[in-house]
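4 protein chains.
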Amino acid sequence: MSDVPAFPYPDFGVAPLVPSPRVTNLSHLHVHTPDLDASVGFFTEIIGMVEADRDDRSVYLRAWGEWMHHSLVLTQAPEPGLECMAFRVQDPAHVAAFAERLRAAGTEVHEVPAGTEVAQGDAIRFVSPGGHQWEIFYDFERIESPAHASRLMNRPLPFPSKGAGARRIDHLNVLDPNPGLTRRWMEQVLGFHVNESVVRPDGWEILNTMAVTSQSHDVNVMEGPPSLHHIAYHVDSVHDLHRAAEIYAENRVPVDAGPGRHGGTQGWFLYAKEPGGNRLELYTGAFEVFDPDWKPIVIPVDAIDYMNVWVGQPMSMEFLTTGTASRPAPELKGATA
Amino acid sequence: MSDVPAFPYPDFGVAPLVPSPRVTNLSHLHVHTPDLDASVGFFTEIIGMVEADRDDRSVYLRAWGEWMHHSLVLTQAPEPGLECMAFRVQDPAHVAAFAERLRAAGTEVHEVPAGTEVAQGDAIRFVSPGGHQWEIFYDFERIESPAHASRLMNRPLPFPSKGAGARRIDHLNVLDPNPGLTRRWMEQVLGFHVNESVVRPDGWEILNTMAVTSQSHDVNVMEGPPSLHHIAYHVDSVHDLHRAAEIYAENRVPVDAGPGRHGGTQGWFLYAKEPGGNRLELYTGAFEVFDPDWKPIVIPVDAIDYMNVWVGQPMSMEFLTTGTASRPAPELKGATA
Amino acid sequence: MSDVPAFPYPDFGVAPLVPSPRVTNLSHLHVHTPDLDASVGFFTEIIGMVEADRDDRSVYLRAWGEWMHHSLVLTQAPEPGLECMAFRVQDPAHVAAFAERLRAAGTEVHEVPAGTEVAQGDAIRFVSPGGHQWEIFYDFERIESPAHASRLMNRPLPFPSKGAGARRIDHLNVLDPNPGLTRRWMEQVLGFHVNESVVRPDGWEILNTMAVTSQSHDVNVMEGPPSLHHIAYHVDSVHDLHRAAEIYAENRVPVDAGPGRHGGTQGWFLYAKEPGGNRLELYTGAFEVFDPDWKPIVIPVDAIDYMNVWVGQPMSMEFLTTGTASRPAPELKGATA
Amino acid sequence: MSDVPAFPYPDFGVAPLVPSPRVTNLSHLHVHTPDLDASVGFFTEIIGMVEADRDDRSVYLRAWGEWMHHSLVLTQAPEPGLECMAFRVQDPAHVAAFAERLRAAGTEVHEVPAGTEVAQGDAIRFVSPGGHQWEIFYDFERIESPAHASRLMNRPLPFPSKGAGARRIDHLNVLDPNPGLTRRWMEQVLGFHVNESVVRPDGWEILNTMAVTSQSHDVNVMEGPPSLHHIAYHVDSVHDLHRAAEIYAENRVPVDAGPGRHGGTQGWFLYAKEPGGNRLELYTGAFEVFDPDWKPIVIPVDAIDYMNVWVGQPMSMEFLTTGTASRPAPELKGATA
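Chains as they are written, first to last, in this note's numbering: chain A, 197 to 533; chain B, 197 to 533; chain C, 197 to 533; chain D, 197 to 533.
Fair warning: there could be bad hints in the mix.
To be verified - Below are the EDC-like pairs computed for lysine to aspartate or glutamate, each with C-alpha atoms no more than 20 Å apart in a straight line:
no. : chain 1 : residue 1 : chain 2 : residue 2
1   : B       : K491      : A       : E337
2   : D       : K358      : A       : E247
3   : B       : K469      : B       : D231
4   : C       : K358      : B       : D487
5   : A       : K491      : B       : D335
6   : D       : K358      : A       : E446
7   : D       : K491      : C       : E337
8   : A       : K491      : A       : E383
9   : B       : K358      : C       : E340
10  : D       : K358      : A       : E241
11  : C       : K358      : B       : E446
12  : D       : K469      : D       : D498
13  : D       : K358      : D       : E241
14  : D       : K469      : D       : D207
15  : B       : K358      : C       : E446
16  : B       : K491      : B       : E383
17  : D       : K491      : C       : E247
18  : A       : K358      : D       : E241
19  : A       : K358      : D       : E247
20  : C       : K358      : B       : D231
21  : A       : K491      : B       : E247
22  : D       : K491      : D       : E383
23  : D       : K469      : D       : D231
24  : A       : K358      : A       : D207
25  : A       : K469      : A       : E313
26  : D       : K491      : C       : D287
27  : C       : K491      : D       : E337
28  : A       : K491      : B       : E383
As the list claims (entries may be wrong) - Computed footprint of chain C on chain A; a stretch qualifies when at least three of its residues, placed anywhere within it, have a C-beta under 8 Å from a C-beta of chain C:
no. : region
29  : 431-442
30  : 507-516
Hints in this document: simulated from the structure, not taken from any laboratory. All values derive from a computational prediction rather than experimental measurement. Cβ coordinates follow ideal geometry from the N, Cα and C atoms, glycine included.
Assemble the whole structure, with the sequences as input and the hints as a guide.
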């Protein structure tokens, strides 16, 4: 290289690194609500998100730290619940690669061509062993220089002076009849890793925190009937949770847990129900996993109380075991084992 | 899969995902200090880190959120400065893969067998185009059930009731005569991506924030004579910065910038000099990049003031342009272009 | 005045304002503990207070923002509980003035000459209608230039880098069989005002927050058997409560409520039991009353739930109704009605 | 008292405590602005205050924690500056008592009958030795059950989900040619006490923090040409300062100091200019003085740097020495010595 000039910048002449197929991150959640107007009002006025788009049955929302078109789709429907969790992959070619892996694992895959869903390119849909619908794709619309953008050029929307100020989507938590089975499917087929696992003495797993990013989890899978326990948005500090709790109290938003800190994940939490009945967590301060050889934390059942609530008051069993329904599209047969 | 029982957990029968060579994260920094005792006292009493190990010339330190043996090596030496920045890779086989890539790019590579350095397996050392010494390895000692561990089983050390409470290593910032050249080397050879770039009208880059993780940056490369501008540890919130600033004030630790918020990266900062003369940043609240197709933010030179300090008072040129020396081992010839 | 030079500073020649008798503030609390060593360890290591003095049965403690000799006396005794709450008056002559007022109101008064109690001048002791022992005095030892003081000359102790960092004594809360009666006695005899009152439809008062300062309350009087519900120290922000909660969790300190925010007083709270069994609240963010004509907030019983906990989870009745015993000196006959 | 029934509540039969004349607290500030609309927009949209009233030249504003009609009057005028600082007294009779004291001290007093100013009863106006106009009164309109009130019955306005969220007026800071003279006048005539004093070796005082409440100061008097340095509103925590700083940055509000912490008073600060040119401080975390015998902190001139800024970057002399004009009504002749 010594005979190459330093500027204009040279090429070092090595073959590019070609990434192996990889799910990269949670892109957005598609959630049903029986009262679309009230739900949209909650997420914009109370939480401080922005309406990105709207069609005849759905509203698309984005938080102040998000560059992509939306992270939440709210759809008018008779009952609340999760329609779909949507993840991105690293490379356009990975969509087909994962379709092949899913089919090899016995999971039925449905193709969703570009143009079918707002802002989204070619995708596949499929159902987890636990009965939750997933979507995987690469192309997604990125916001370019919006008129209302911040002077800060790395900030897609201005810091909101109004509302709780959720910054970005963080994770979701689903109830699933067999969290151990879904874990193997997510690990082996989709490349997730497990960070924490609550395990009975006989080896049956009742909770698995699963991640593809450095986050403590992108998906939490807890034992229960197939349903959505909560969606979660990230805020910057515990203080934001307390400001949110004040805004909730003034607006009579029903809080069902928090503020407090989980032992598992170490995340500070505040849980409330949006007007449609789905549960929203605001979340901050969890550990992050950058090490390539993280050893899953195995939590025995008898430590579950303080691992569940490290700071704050105990949660009710009702809180821990109930969510809103999971509503995959009817035409798909889920992965089964 | 439908005839496989769900428990004990089945195998889904797909080929495992084999990761492409990947640098995963900043493991630790090796820093020189002319007053080892004072520097160790600062990092333990004021910052709240723990002494993990000690040999005749060095002390090894770990923060409360870290599972690996150490993230900071302090070595007695005539002058302060950076000896080495050490990164991990995803898989043992990647050490050799990167050695090959580096050599193909004209970078001399020195092998450091397991046992040479405390807690660390087979490694390679090499020097960047900008004159900074790097180290890459996979094996590193992980702390198992230390006697002083937290009851919280995902926490390798108890939350410290003393000191600023740095949670984990975050990044480093180096001065480099040619940040654009070093960027290409890091991108093409090591697989880093650039998140933000300050660019002159002629295309010359004066600052590049480089990452392999989801962090806003793992290494910041700023134009200047080869030296260490600062090392950075992560804290959980702005409030921790203010508590740290109080502790600094009481202990007459020289603060040279902050508390404030950078525009670039959006990180809240507090900079101070440890007794050996190296600069330490405490850091929180930066954006994270989970999207697989982040487009680097190009910052024109005329926006540099508010991109440098978004909240807080302007920094001095002296602060921006001086660091402590970079001190690679003399036997290595750096990568050149 | 026009013929008086402006410097050296002149006297304006008006008669001085002579204050009417006034109780000024809560000086300190005298609390019993069955395990003095453990209690002292808790207040110094976990809470971050400093041992100011010690004699054969008691330890005297001071918080980092306090100029006076101590704000807490811990005394070895068979059972936990409150021995005495001690208030200061504005002027030396007010001690006798209040003695006279108390005797006129039928309250027996016991004189405690200077030298009897550590750091304290001539005082009087007496018992409230609810059975709690009070003390009133003017002279109290002030700390002068302690060797361990902060460089900040308005700060009697350095900002602590260790522990929860309680800044100063805030208030106490007592259970009393007749909070309405005790209120009248405190208002009419001692000059307190009531800020908030929880009132049954028949006019019986079950809670009165009483103050002589601008604080939301210096003494909270709640219906119950004569006992100490909690003592409270002030911290600067909600974040300090959360840091304290983390330190409590690591050290297995039993937390019985919080973190949360009261509706009444608007104070953020965290309650825990010190090893001797007495309850300690850390407290911040309550309203302050500077207006001379504050109208007491009358809270109907049916609003008590959200006025008790505005942010956080509901408190148990056990928490609300139990404290540690109140232990006035046996020789005093309490004020009765 | 033993034969008096405990309920209905008895009278203890002691003569009531009659307060000596006492200024109780800063009620409101009357400030000029050359751009009334822009100033009102700033205080409502950016700071989160509420418009309480409006007449043909002025707008009256109230913060979310304030029960009284307003704490800020903004008046359209050619130049920015302070028209008047208005304090309340403890008792209606004290207005005349202070008029008498002021006249005895050579200060001209102007009577302002009830009805002259919005929401305010009988008052007196007068000018300090330093050239600032004061007002003293007892009666002021209190807000009763406003339609937009919080469910929290001790909260006159809902916690604002929008803006910086200033809670209540805190203090003001004036430049004055002779802070030592004004101090004696405030002490001897009006009953203020001094908490901190910056003193030259010859005894000349260049700064006095003066209080009638337990606050670190209600009025700060600094040496300089008669003018308003800043008005200050209270927020609950350092975090609120940082959220405000973010909102300021997004809205291009010119910040001239902070966030940081003063050594003197220990208050955390953020200073900015409202669109009319007057300086606003947001403020929290100062010490409070409840002791009846506080000894003023005497700060030598050579400690002024760190007593001015304990946390944060040094302030410019321009910041420290310039304000907006002080504009007493022309008909009043100031107190002189």
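Checked hints:
Taking the CA atoms of K491(B) and E337(A), the gap is about 13 Å. The hint holds against a cut of 20 Å. In summary, the hint linking K358(D) to E247(A) is supported, as the alpha carbons are separated by about 18 Å, within the 20 Å threshold. Annotation: proposed proximity of K469(B) to D231(B) holds, straight-line Cα distance about 13 Å (limit 20 Å). For a cut-off of 20 Å, the pair hint linking K358(C) to D487(B) is broken: about 40 Å separates their Cα positions.
Restraint check for K491(A) and D335(B): the C-alpha separation of about 14 Å stays at or below 20 Å, so the hint holds. Taking the CA atoms of K358(D) and E446(A), the gap is about 13 Å. The hint holds against a cut of 20 Å. The straight-line distance between the Cα atoms of K491(D) and E337(C) is roughly 13 Å, inside the 20 Å bound, and the hint therefore holds. For the proposed pair K491(A) and E383(A), the alpha carbon gap of about 14 Å is at most 20 Å, so the pair holds.
Taking the CA atoms of K358(B) and E340(C), the gap is near 27 Å; set against the 20 Å cutoff, the hint is violated. A threshold of 20 Å between alpha carbons decides the hint, and for K358(D) with E241(A) the separation of about 10 Å falls inside it, so the pair holds. For a cut-off of 20 Å, the pair hint linking K358(C) to E446(B) stands: about 13 Å separates their Cα positions. Straight-line distance between C-alpha atoms of K469(D) and D498(D) comes to about 29 Å, which puts the hinted pair past the 20 Å bound.
A C-alpha spacing of about 7 Å is found between K358(D) and E241(D), which places the hinted pair at or below 20 Å, so the restraint holds. Among the hinted pairs, K469(D) with D207(D) is inconsistent with the structure: their alpha-carbon atoms are about 53 Å apart, more than 20 Å. Taking the CA atoms of K358(B) and E446(C), the gap is near 13 Å; set against the 20 Å cutoff, the hint holds. Only pairs whose Cα atoms come within 20 Å are accepted, and K491(B) paired with E383(B) is accepted, the gap being roughly 14 Å.
Only pairs whose Cα atoms come within 20 Å are accepted, and K491(D) paired with E247(C) is rejected, the gap being roughly 23 Å. A C-alpha spacing of about 10 Å is found between K358(A) and E241(D), which places the hinted pair at or below 20 Å, so the restraint holds. Of the pairs offered as hints, the one joining K358(A) and E247(D) holds, with about 18 Å between alpha carbons and a cut-off of 20 Å not exceeded. With a CA separation close to 25 Å, the supplied pair K358(C) and D231(B) exceeds the 20 Å bound.
Of the pairs offered as hints, the one joining K491(A) and E247(B) is violated, with about 23 Å between alpha carbons and a cut-off of 20 Å exceeded. Of the pairs offered as hints, the one joining K491(D) and E383(D) holds, with about 14 Å between alpha carbons and a cut-off of 20 Å not exceeded. For the hint pairing K469(D) with D231(D), the CA-to-CA distance comes to about 13 Å; that is within 20 Å, so the pair holds. Under the criterion of a C-alpha separation no larger than 20 Å, the hint pairing K358(A) with D207(A) is inconsistent with the structure, at around 47 Å.
For the proposed pair K469(A) and E313(A), the alpha carbon gap of about 27 Å is over 20 Å, so the pair is violated. Taken as a hint, the K491(D) and D287(C) pair is honoured in the structure, with Cα atoms around 15 Å apart against an allowance of 20 Å. For a cut-off of 20 Å, the pair hint linking K491(C) to E337(D) stands: about 13 Å separates their Cα positions. The suggested pairing of K491(A) with E383(B) is violated, with an alpha-carbon distance near 29 Å, which exceeds 20 Å.
Check result for the region 431-442 of chain A against chain C: holds, 6 residues qualifying (beta carbon to beta carbon below 8 Å, three or more required). Beta-carbon proximity to chain C at under 8 Å applies to 3 residues in the region 507-516 of chain A; the threshold of 3 is reached and the given coverage holds.
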